[in-house]
Amino acid sequence: MGEASRISRYIYTVLILFIIWLFLTSSLDPQELTIGAIFSLVVGALTYEVFTERGLGNLNPKRVLYFIAYIPYFLWAMIMANLDVAYRVLHPKRPINPGIVECKTTLTNNVGKLALANSITLTPGTITLDVKGDRYFIHWIDVKDKSVEGASENITKPFEKFLKVIFE
Amino acid sequence: MVKRILAIVFILIIGFWMAKALDQVPFGQDRMLVGKYYLEHVKEETGAVNAVTAVVVNYRGFDTLGEVTVLFIASTGVAALLWRKKRKRTAKTEGSVVLTTGARLLLPFIMLFGVYIFIHGHLTPGGGFPGGATIATAFLFLYLAFTVYEVDHKIFEPLEGLAGVGYVTVGLIGLAIGGYFLFDWIWQTWGIGKENIGRLLSAGFIPIIYTLIGIKVGTELTGIVDNMIKEPEEGGQ
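Protein chains in written order, with the UniProt record's numbering: chain P, 1 to 168; chain G, 1 to 237.
What the hints contain is simulated information worked out from the structure, not anything from laboratory work. Misleading hints may appear alongside valid ones.
Computed beta-carbon distance windows for the label pairs [as the list claims (entries may be wrong)]:
| hint | chain 1 | residue 1 | chain 2 | residue 2 | range |
| --- | --- | --- | --- | --- | --- |
| 1 | P | 77 | G | 18 | 37 to 47 Å |
| 2 | P | 29 | G | 32 | 26 to 36 Å |
| 3 | P | 132 | G | 125 | 38 to 48 Å |
| 4 | P | 60 | G | 84 | 47 to 57 Å |
| 5 | G | 159 | P | 108 | 33 to 43 Å |
| 6 | P | 71 | G | 162 | 35 to 45 Å |
With the C-beta cut set under 8 Å, the calculated list includes, among others, these residues of chain G facing chain P [claimed, not checked]:
| hint | residue |
| --- | --- |
| 7 | 1 |
| 8 | 5 |
| 9 | 96 |
| 10 | 107 |
| 11 | 108 |
| 12 | 111 |
| 13 | 112 |
| 14 | 116 |
| 15 | 119 |
| 16 | 229 |
Coverage of chain P stretches by chain G, computed from C-beta distances (three or more under 8 Å per stretch; other residues unrestricted) [claimed, not checked]:
| hint | segment |
| --- | --- |
| 17 | 16-23 |
| 18 | 37-49 |
| 19 | 108-114 |
| 20 | 124-131 |
Just so you know, even glycine gets a beta-carbon here, dropped at the ideal spot from N, CA and C.
Can you make the complete structure from the sequences, with help from the hints?
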């Protein structure tokens with residue numbers, strides 16, 4: 001996956017910034033829009049080189065659709081994991097079996113790895129400690145499977161099927 | 001031990017003394033003398049909805065110029081104290097991929113938010129100083145996440161100077177047009193934006209000055225971080 005052209009990356013950054021500006025001001029006053037457009041262009045020019053590698057390729061409809069679908073999926077996983085941890089806290093015997101496991105990911109893109117690491121951390125019970133190459137070191141509150149394959153099956157796989165489409 | 005007890009007694013006496021003095025000021029009552037004038041006239045005189053901004057930039061613009069000068073001196077002072085010919089970053093541990101990618105992704109958003117804060121200084125809380133500090137945070141992020149990152153000094157320091165000169169120039173144009181330094185010529189003489197108080201393009205020169213201050217504070221704090229994070233090379237003096 002090579003880098004997109006500079007123009008495409010620049011336009012993508014400006015577009016994202018302008019959308020953020022719209023959310024920040026929450027007004028469609030032409031003055032706000034003009035100033036917002038100017039500053040999006042300026043900030044975009046300063047930051048597009050570090051911000052994106054793929055440029056407009058990020059706006060592929062399939063990716064956007066998967067991203068929108070990923071939000072409720074992730075929220076559901078988060079709620080279930082929170083309830084699970086609450087159960088462990090309230091249970092008199094406190095059934096925890098903590099440990100650090102190693103997982104493997106098939107994601108190659110850095111942004112995808114970031115999204116996966118954050119998804120893992122935000123679902124309680126699992127915390128990403130470090131990422132090295134395609135290996136994730138994860139602190140798991142209830143270790144069910146110590147092997148790399150087994151842990152990956154439990155922790156990273158459920159998110160990967162979405163993140164693979166969104167970021168690869 | 002005796003030292004400590006003496007210090008505590010001394011502080012308690014000072015505290016009692018100050019509490020006694022502040023006791024004279026009734027809380028929650030109208031004690032405004034000048035403040036009332038500001039609140040009543042701020043809109044037609046400066047066009048700003050945010051009275052604090054109007055006071056800070058317009059009525060008492062000298063103070064803000066002084067603050068900007070203090071920051072500039074702080075930045076120059078740090079640079080002078082830590083000056084060496086050969087200085088580079090000596091950090092060796094690159095952040096993990098989570099940290100570096102996160103810093104890269106957040107950079108434009110933090111910068112845009114800083115810009116949002118300073119351009120809306122006359123409408124919402126904030127202004128040039130918080131906005132500039134926010135922008136500096138974005139650079140601090142890059143400095144902390146990447147071991148080799150360094151801002152482009154050929155652009156950065158001139159930009160800092162230009163923003164300061166811009167502030168003084170705005171003031172001097174006011175001197176030429178209105179007769180005193182930092183006279184709000186855009187509002188009082190040209191009357192630009194008179195019909196849309198509360199919208200973005202109003203409040204005379206406040207947005208312009210806050211943009212300049214935002215750029216200045218942002219570059220300055222980044223410069224301080226840059227100076228403090230670099231170490232002299234081995235053997236280099």
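Against the structure, the hints come out as follows:
1. P/77 - G/18: 37 to 47 Å: violated (55 Å)
2. P/29 - G/32: 26 to 36 Å: Distance hint for residue 29 of chain P, residue 32 of chain G holds at roughly 33 Å.
3. P/132 - G/125: 38 to 48 Å: Holds: the Cβ-Cβ distance is about 43 Å, inside 38 to 48 Å.
4. P/60 - G/84: 47 to 57 Å: holds (49 Å)
5. G/159 - P/108: 33 to 43 Å: holds (38 Å)
6. P/71 - G/162: 35 to 45 Å: Taking Cβ atoms as reference, residue 71 of chain P and residue 162 of chain G lie about 43 Å apart, which means the hint holds.
7. 1: This hint is violated: residue 1 of chain G lies away from chain P, its Cβ roughly 45 Å from the closest one there, beyond 8 Å.
8. 5: violated (46 Å)
9. 96: Residue 96 of chain G check passes; min Cβ-Cβ to chain P is 6 Å, inside 8 Å.
10. 107: This hint holds: residue 107 of chain G lies near chain P, its Cβ roughly 5 Å from the closest one there, short of 8 Å.
11. 108: holds (4 Å)
12. 111: Hint on residue 111 of chain G: holds, closest Cβ of chain P at ~5 Å, below 8 Å.
13. 112: Nearest chain P Cβ about 5 Å off; hint holds.
14. 116: Since the shortest Cβ distance to chain P is 5 Å, the answer is holds.
15. 119: holds (6 Å)
16. 229: violated (18 Å)
17. 16-23: n = 4 at 8 Å, threshold three: holds.
18. 37-49: Our answer is that it holds, as 8 residues pass the Cβ test (under 8 Å) against chain G, meeting three.
19. 108-114: Contact hint for the segment 108-114 of chain P vs chain G: holds, 4 residues under 8 Å.
20. 124-131: Since 3 is at least three, the answer is holds.
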